[in-house]
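In my numbering, the protein residues as written are 532 to 690.
Misleading hints may appear alongside valid ones.
[As the list claims (entries may be wrong)] Below are the DMTMM-like pairs computed for lysine to aspartate or glutamate, each with C-alpha atoms no more than 25 Å apart in a straight line:
id	residue 1	residue 2
1	K622	D668
2	K658	D685
3	K622	D670
[What the hints assert, rightly or not] So the derived label-pair ranges between C-beta atoms look like this:
id	residue 1	residue 2	range
4	V629	P582	32 to 40 Å
5	R679	S585	37 to 45 Å
6	G627	A672	27 to 35 Å
7	I584	P689	34 to 42 Å
8	D623	S681	45 to 53 Å
9	E643	V599	35 to 43 Å
10	A636	A580	50 to 58 Å
11	A578	K622	39 to 47 Å
Hints listed in this document are in silico derivations from the structure and should not be mistaken for laboratory results.
The structure displayed is predicted, hence computed values, not measured ones.
Note that beta-carbon positions come from the ideal geometry of N, C-alpha and C, so glycine has one too.
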Amino acid sequence: MKNHQGLSKGAAMPRIASPVVGATVAALLYFLSLPSPVTASRAGAAAVAWPGISFVQRAVGLTQPVQVTHAGDGSGTLYVVEQGGRIQTLKDGVLGDVPFLDISARVVTGGERGLLGLAFPSGFATKGHFYVNYTRDPDGATVVARYRVSQDPDVADPS
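Turn these sequences into a full structure, and let the hints steer you where they fit.
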């Protein structure tokens, strides 16, 4: 069955581009073909030498590390936050035998959830406390909690 324009029902109608659309496309293509001012100004300049970047593996055996920080106490110890709920210590390139903190039983992980942050206050060496940010199991609430270092300065009290 043909409609009032002589086309079969369901057939695509021919499109006729308006002069404005054609002129707009032509102008856009013209301007895109011009060199940008940044390109033109750099054309005569000497090539920039980029600094070399290299990566050095500092530890093995970490699971989903999301943050590396230090306590600001001058000890040189690095603290590596693992998304699953553990904080590991790294001293002189050696991973600690036991986690600094393990709250994995309290943490739900996956995607953007888990143990996500660690912060030390100024004066941590004398104050002995620090803060963590994690996603609580089972309700998924975000928790900022304060913990203290135990009698062993390399292990925190998880209670």
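Worksheet item: Straight-line Cα separation of K622 and D670 no greater than 25 Å?
Response: Distance ~35 Å between K622 and D670 Cα, so the pair is violated.
Worksheet item: Is the gap between the beta carbons of R679 and S585 within 37 to 45 Å?
Response: Hint holds: Cβ distance 39 Å, inside 37 to 45 Å.
Worksheet entry | Assessment of proposed distance window 34 to 42 Å (beta carbons of I584, P689) | 38 Å, holds
Item to complete: Take a look at whether the Cβ-Cβ distance between V629 and P582 falls inside 32 to 40 Å.
Response: For V629 and P582 the Cβ distance comes to about 38 Å; the hint holds.
Worksheet item: Taking only the CA atoms, is the gap from K622 to D668 under or equal to 25 Å?
Response: Violated: K622 and D668 sit about 31 Å apart, past 25 Å.
Practice prompt. Measure nothing beyond the straight line between the CA atoms of K658 and D685; if it is 25 Å or shorter, mark the hint as holding.
Written response: Status holds; Cα separation ~15 Å.
Item to complete: Take the C-beta atom of G627 and the C-beta atom of A672, compute their distance, and say whether it sits inside 27 to 35 Å.
Response: 29 Å, holds
Item to complete: For the range 45 to 53 Å, tell me whether the beta carbons of D623 and S681 fit it or not.
Response: 22 Å, violated
Discussion item. Given the hint of 35 to 43 Å, is the C-beta distance from E643 to V599 inside that range or not?
Written reply: At roughly 18 Å between Cβ atoms, V599 and E643 fall outside 35 to 43 Å, so the hint is violated.
Practice prompt. Could you check the hint for me, namely that A578 and K622 are 39 to 47 Å apart, CB to CB?
Written response: Roughly 42 Å apart at Cβ, these two residues keep to the hinted range, so it holds.
Practice prompt. Look at the Cβ atoms of A636 and A580 and judge whether their distance stays inside 50 to 58 Å.
Written response: 52 Å, holds
Checked against the numbered hints listed earlier, the structure breaks hints 1, 3, 8 and 9; every other hint is satisfied.
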